[in-house]
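**Q** Sequence:
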Amino acid sequence: MKRLLIVLCLFSFTLNGCSAFYGDEKAKELGPLPELSCVAVLPVIVPVASNESLSPMQKKNLQKGALYLDSVLVDELKNTEQFQILTENQLDAILADPWGGRLEQVRAIGQATRCGAVLETDLTKYRQRIGSNMSIETSAAVAFSMELIDVKTGMVFWTTSFDESQKALFDDIFSFNTAERRGFKWLNVEELSREGVKSRLEEFPYFQKEVE
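Numbers in the working numbering are just positions in the sequence shown, counted from 1, shifted up by 716.
It is worth saying that the hints were derived from the structure and are not from the lab.
Don't take every hint at face value.
Here are the simulated distance ranges between beta carbons [claimed, not checked]:
(1) Glu907 / Lys868: 37 to 45 Å
(2) Asn795 / Gln774: 30 to 38 Å
(3) Glu768 / Thr796: 36 to 44 Å
(4) Lys868 / Gln844: 37 to 45 Å
With a cut-off of at most 30 Å between alpha-carbon atoms, the simulated BS3-like pairs for lysine-lysine come out as follows [claimed, not checked]:
(5) Lys776 / Lys868
(6) Lys868 / Lys794
(7) Lys914 / Lys794
(8) Lys914 / Lys780
Since this is a predicted model, take the numbers as computed values, not measurements.
Built from N, CA and C at the ideal position, the CB exists for glycine as well.
Put together the whole structure using the sequences plus the hints.
**A** In structure tokens, the structure reads:
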């Protein structure tokens, strides 16, 4: 695969499980938000090559999780004109020079899509629940970050992250509202991932501007 986009920073319930991190990581606007004709949505990135501490099973789970998050992004954004969702093959075709730096890569994507920014998602944790929705041995866990990158300058002007490992309600009594909303059950990793993506997209500044 030609794509070598590099993410420099890794952002690292219910009767028995709620999040200790849910809602803790808020979106951050890092600079003025430009007017955008559209946003190119990249396939989810899994930085496994640079992480030797991951086991083969963890790497396999992350690759599987990336495919699932890709499908969630398609579901959430496919009916919004401002987003162009790129597949792996489309991205590889755009990035003819696999050794180009990050700025050269985002500029190439901008030129090909005529979008003013790219949305990059980096998945660093994806662990499936072991057990049922009422009783588990191991809880589901998901961690990912998103960056909105200006194609002209390579500057990140919006970022957000999600990091949740479900915990027992009696271990996190302040998350009662979240537990109640989830029906006081253990989520599987797909449910947790979808909830995380939807919650972070709700913070997307251009969605908020449309509401205003």
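**Q** State for each hint whether it applies.
**A** We went through each hint and held it up to the structure:
1. Hint check: Glu907 to Lys868, Cβ distance near 38 Å, so the stated range 37 to 45 Å holds.
2. The hinted range of 30 to 38 Å is satisfied by Asn795 and Gln774, whose Cβ atoms lie roughly 34 Å apart.
3. Between Glu768 and Thr796, the C-beta spacing of about 38 Å keeps the proposed range 36 to 44 Å intact.
4. The hinted range of 37 to 45 Å is satisfied by Lys868 and Gln844, whose Cβ atoms lie roughly 40 Å apart.
5. For the suggested pair Lys776 and Lys868, the alpha carbons sit about 34 Å apart, so the restraint of at most 30 Å is broken.
6. Restraint check: the Cα-Cα separation between Lys868 and Lys794 comes to about 25 Å, which is no more than 30 Å; the hinted pair holds.
7. Restraint check for Lys914 and Lys794: satisfied, since their Cα atoms lie roughly 13 Å apart, inside the 30 Å limit.
8. Pair hint Lys914 plus Lys780 holds up; C-alpha atoms about 19 Å apart against a cutoff of 30 Å.
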